[in-house]
Amino acid sequence: MSAPGLHGFVLALSLIAAIGAQNAYVLRAGVARRHVGAVAALCIASDAVLMSAGTAGFGALVTARPGLLAAVTAVGVAFLIGYGALALRGAVRGIRALRAGAAAGLAADAGAGAGGLGAALAGAAAVTWLNPHAYLDTVVFVGSVAAAQGPDRWVFTAGAVAASATWFTALAAGARAAAPWLARPRAWVAVDALTGAVMLLLAWRIGAGLWW
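So that you can map any letter, position 18 of the sequence shown is 18 in the working numbering, and since no number is skipped, the others follow by simple counting.
These are calculated hints, taken from the structure and not from any lab test.
Remember, predicted model here, so these are calculated numbers, not experimental data.
It is possible that part of the hints are untrue.
DEER-style ranges, computed between Cβ atoms [to be verified]:
(1) A126 x L194: 33 to 41 Å
(2) A122 x A173: 28 to 36 Å
(3) G150 x P180: 28 to 36 Å
(4) S144 x R33: 46 to 54 Å
(5) A74 x R33: 30 to 38 Å
(6) A147 x A170: 26 to 34 Å
(7) A126 x A173: 31 to 39 Å
(8) W204 x W181: 29 to 37 Å
(9) L6 x I95: 43 to 51 Å
(10) G174 x G150: 33 to 41 Å
(11) A126 x R65: 34 to 42 Å
For every residue, glycine included, the Cβ atom is placed at its ideal position computed from N, Cα and C.
Input sequences plus hints: build the corresponding full structure.
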């Protein structure tokens, strides 16, 4: 891999590997054995589109229109709060089920009620395209760094997309492999609690930057 491509790979990997909405969703899909391969593929394709848009100059357009950025951010914050609240509610219900001695069916029920392929992909699209953090990382930040690469900007972007593909493929495979352990009732409660905490923390950080 060339130097610009390696630069893009390392930079994007450092951004994507941080705990966020996409990673939490892919992890949950893997634990529930809920079309995790398709979910990971959609996340990779979405990152490729967003990073390419940033490299093509869309990031500069977004930052030049504060009203548009604020509107997208507000919608994203509302989504993150709602998703986080649902995950925390699932954790609370799981704790109550454990205390009531209904642990045996908890993990199975969580996966069984999750819906089919369409629902899984819709959720993955939501945590990507309604997540302002994804736009800031891929379109604005990656796009601005790519612009500084001059004629090598698309090589840089290709490296960044390769990082996304590497990370989500590995995360999906790891989640599937760990599913027998993570799908235990207590582990599932922990996954729900972690997901909810991550979503609400992201909503707070992004909202604080928008309104304060």
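Evaluation of the provided hints:
At roughly 19 Å, the beta carbons of A126 and L194 sit outside the given window of 33 to 41 Å. For the hinted restraint 28 to 36 Å between A122 and A173, the CB-CB distance of approximately 23 Å leaves it violated. Restraint check, G150 to P180: a C-beta distance of roughly 49 Å breaks the suggested window 28 to 36 Å. Roughly 39 Å separates the CB atoms of S144 and R33, a value that falls outside the hinted 46 to 54 Å.
Checking the proposed 30 to 38 Å range against A74 and R33 shows it holds: the Cβ atoms sit about 35 Å from each other. Separated by about 29 Å at the C-beta atoms, A147 and A170 satisfy the suggested range of 26 to 34 Å. The supplied range of 31 to 39 Å is broken by A126 and A173, whose beta-carbon atoms lie about 23 Å from each other. Take W204 and W181: their Cβ atoms lie about 31 Å apart, and the range 29 to 37 Å holds.
Taking the beta carbon of each, L6 and I95 are about 45 Å apart, inside 43 to 51 Å as hinted. Remark: the range hint 33 to 41 Å for G174 to G150 is upheld by a beta-carbon distance near 37 Å. A hinted range of 34 to 42 Å for the beta carbons of A126 and R65 is inconsistent with their spacing of about 23 Å.
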